[in-house]
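S.K.: Sequence:
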Amino acid sequence: MNKQKILITCPPMIGQIKKYRSFFSKHKMQFEFPRIKQTLDKKKLIKILPKYDGWIAGDDETNFQILNAAKKGKLKAIIKWGVGTDNFDLNIIKKLGFKFSNIPNVFGDEVANVAMSYLLGLATNTFFIDRKIRQQSWPKPSGMMLKNKTLGVVGYGDIGKNICKRAHVFGLKTIVWDKYKKKPKNTKINFIKNWPNNINKCDFVVIACSLNKENYRFFNKTIFRKMKTGAYLINVSRGDLVEEKDLIKYMKKKIIKGFASDVFNKEPIQNNSYFKKNDNCILGSHNSSNVIEKVDKVSILAILKLSSFLRKKIN
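Note that our numbering has the sequence shown beginning at 1, numbered continuously upward.
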């Protein structure tokens, strides 16, 4: 039996790809991967995807044109490496007959850790101080207490739950918005169904919800004007949950004091970005889930799921 060809476009998995060579071989698969920073563009995907039997995808753009081209070729199954599926139209995938799965509920702890590191960095100016010392300065900016401050968490999935657990250790009060979840038993959380009620009470707001058509760039001027003056915004979910043009305006107005984010409207972030010039910003590279142990776990699960799909297609 010939080995089936697999395309990998997920940077964290590619970064540790040598580990999985024998595992792919064991499951009668051989892999290839392009050089990418974050995602593979539309033209490249249309050109190369049809020659593969399976695809372990990252956050690459997908649409009917890309998937239809792949359908006319060899592609039979797709695994989304990680949790988020907002870059896939699941209706099109189903219509074209692809086997599809993601890898849910694996990165809650890791992403929550990054969210809290951002919150601590904004509150204590540690990232700012580090940058200035490297520039031969010796700054002493004042920080802020966390005890009895209020943290708002948008989304109470795996990430949101873990953020709240960590926040309570630091003495933060927590407000959670999630219309899809039942009120948690944890009485420390002020659980609110109606978004964005009480956002004006929050010293920090963390975005931890999934992206969909309904909430595309819903953090915009309508929300920013309701936020507490001097509040901090943190995004560890998807860049397109925030309208960055509006955010910049409200940062310039000092309504939003600081912004920390692992994700942006365009990735990699542009060289002339306002956020790069603002000392009250902490910037990530869409990398909060890139933890060695979890990358291994998710990559192995992705290979196993893909192998199972392809065997079923053959049989």
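In short, the hints are calculated from the structure, not lab data.
Idealized CB from N, CA, C, for every residue including glycine.
Any given hint might turn out to be false.
Said to hold, decoys possible - With beta-carbon atoms standing in for the labels, derived distance ranges:
| # | residue 1 | residue 2 | range |
| --- | --- | --- | --- |
| 1 | ASN278 | LYS5 | 27 to 35 Å |
| 2 | ASN148 | ILE46 | 25 to 33 Å |
| 3 | LYS51 | ASN190 | 14 to 22 Å |
Unchecked claim - List of simulated lysine to aspartate or glutamate pairs, DMTMM-like, C-alpha gap at most 25 Å:
| # | residue 1 | residue 2 |
| --- | --- | --- |
| 4 | LYS245 | GLU32 |
| 5 | LYS18 | GLU293 |
| 6 | LYS213 | GLU267 |
| 7 | LYS47 | GLU61 |
| 8 | LYS266 | ASP246 |
S.K.: If I claimed the Cβ atoms of ASN278 and LYS5 lie 27 to 35 Å apart, would that claim hold in this structure?
M.R.: violated (45 Å)
S.K.: Go ahead and decide if the range 25 to 33 Å is satisfied by the Cβ distance of ASN148 to ILE46.
M.R.: Since the Cβ atoms of ASN148 and ILE46 sit about 54 Å apart, the hinted range of 25 to 33 Å is violated.
S.K.: Keeping to a limit of 25 Å between CA atoms, is the pair of LYS47 and GLU61 held or broken?
M.R.: holds (14 Å)
S.K.: Per the hint of 14 to 22 Å, is the separation of the Cβ atoms of LYS51 and ASN190 within bounds?
M.R.: At 53 Å between Cβs, range violated.
S.K.: For the pair we were handed, LYS245 and GLU32, check the Cα-Cα distance against 25 Å.
M.R.: Between LYS245 and GLU32 the Cα gap is close to 38 Å, so the pair fails against 25 Å, i.e. violated.
S.K.: Checking one constraint from the list: CA of LYS213 to CA of GLU267, max 25 Å. Satisfied?
M.R.: Given pair LYS213, GLU267 holds - Cα atoms ~20 Å apart, limit 25 Å.
S.K.: Do the alpha carbons of LYS266 and ASP246 lie within 25 Å of each other, as the hint requires?
M.R.: holds (15 Å)
S.K.: Below or equal to 25 Å on CA atoms is what counts here, so check LYS18 against GLU293.
M.R.: holds (15 Å)
Hints 1, 2, 3 and 4 from the earlier list are contradicted by this structure; the remaining hints agree with it.
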